[in-house]
Amino acid sequence: GQSLEQPSEVTAVEGAIVQINCTYQTSGFYGLSWYQQHDGGAPTFLSYNGLDGLEETGRFSSFLSRSDSYGYLLLQELQMKDSASYFCVGNSGNTPLVFGKGTRLSVIA
Amino acid sequence: NAGVTQTPKFQVLKTGQSMTLQCAQDMNHEYMSWYRQDPGMGLRLIHYSVGAGITDQGEVPNGYNVSRSTTEDFPLRLLSAAPSQTSVYFCASKLTPNTGELFFGEGSRLTVL
Numbered sequence: 001g002q003s004l005e006q007p008s009e010v011t012a013v014e015g016a017i018v019q020i021n022c023t024y025q026t027s028g029f030y031g032l033s034w035y036q037q038h039d040g041g042a043p044t045f046l047s048y049n050g051l052d053g054l055e056e057t058g059r060f061s062s063f064l065s066r067s068d069s070y071g072y073l074l075l076q077e078l079q080m081k082d083s084a085s086y087f088c089v090g091n092s093g094n095t096p097l098v099f100g101k102g103t104r105l106s107v108i109a
Numbered sequence: 001n002a003g004v005t006q007t008p009k010f011q012v013l014k015t016g017q018s019m020t021l022q023c024a025q026d027m028n029h030e031y032m033s034w035y036r037q038d039p040g041m042g043l044r045l046i047h048y049s050v051g052a053g054i055t056d057q058g059e060v061p062n063g064y065n066v067s068r069s070t071t072e073d074f075p076l077r078l079l080s081a082a083p084s085q086t087s088v089y090f091c092a093s094k095l096t097p098n099t100g101e102l103f104f105g106e107g108s109r110l111t112v113l
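These protein sequence lines are chains A and R, in that order. Using my numbering, read the first sequence as starting at 1 and increasing by one per residue. Using my numbering, read the second sequence as starting at 1 and increasing by one per residue.
Next comes chain A alone, as it looks inside the complex:
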């Protein structure tokens, strides 16, 4: 099975950098995904780490360390529109994707 832990809420200032951590216990683990969900909307895919290290996509970066069963999502130059919930998801072979409870990010002026 899968178990993912991430903080329930994070608040950060517009223009700042914020890191959302995720620790996991997943059998047969081979990658970590991140999804963003705005209130009233559907989740959308942000990034995927299949290998250890940092993946960068514009203002967003995601990191994975398999030895530590740990990953994080880094958001730079925060904008008000980044206020949303962020979910880490463990990918493990043919077992289904199970979402954690998510981190609600509030960006304040």
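No wet-lab data here; the hints were simulated from the structure. What you are looking at is a predicted structure, and each value in this text was computed from that prediction instead of being measured. Please note that the accuracy of each hint is not assured.
Claimed, not checked - Label pairs and their in silico Cβ distance ranges:
#1 R:GLU101 to A:ASP52: 17 to 25 angstroms
#2 A:LYS81 to R:ASP26: 23 to 31 angstroms
#3 R:GLN17 to A:GLY58: 42 to 50 angstroms
#4 R:MET27 to A:GLU5: 26 to 34 angstroms
In this text, a Cβ means the ideal position worked out from N, Cα and C, and glycines have one as well.
Fit chain R to the supplied structure of chain A, relying on the hints for placement.
Okay, now just chain R, sitting in the frame of chain A:
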């Protein structure tokens, strides 16, 4: 690009009624799944399918049935609706069970009175 299409977007049921939430994808994805999301909660997996003719249970399957007679369609049936099934339901698909990106429908908001 249609992607993943869910219908209906909103539905109100009375306790004991049955209904089917429809989900269709036009991306030839092997993997399809249904999640429910309750206020302040993450997404909980109800049922999933790794291909036509194959379905399996997720975390919260009780009270729901699915079938996968074609690659494109993955309907979710509520057998006898209960107030505890009031939720937002999301259908999602991805190319294969092993690929990372999950594509979501817009969601179906269900209220059971």
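Comparing the hints with the structure gives:
The given range of 17 to 25 angstroms is respected by GLU101 (chain R) and ASP52 (chain A), whose C-beta atoms sit roughly 20 angstroms from each other. For the pair LYS81 (chain A) and ASP26 (chain R), the supplied restraint of 23 to 31 angstroms holds, since their beta-carbon distance comes to about 29 angstroms. One distance hint, 42 to 50 angstroms for the beta-carbon pair GLN17 (chain R) and GLY58 (chain A), holds here, with the actual separation near 46 angstroms. Taken as a hint, the range 26 to 34 angstroms holds for the pair MET27 (chain R) and GLU5 (chain A), whose Cβ atoms sit roughly 32 angstroms apart.
Going through the hint list in order, the structure satisfies each hint without exception.
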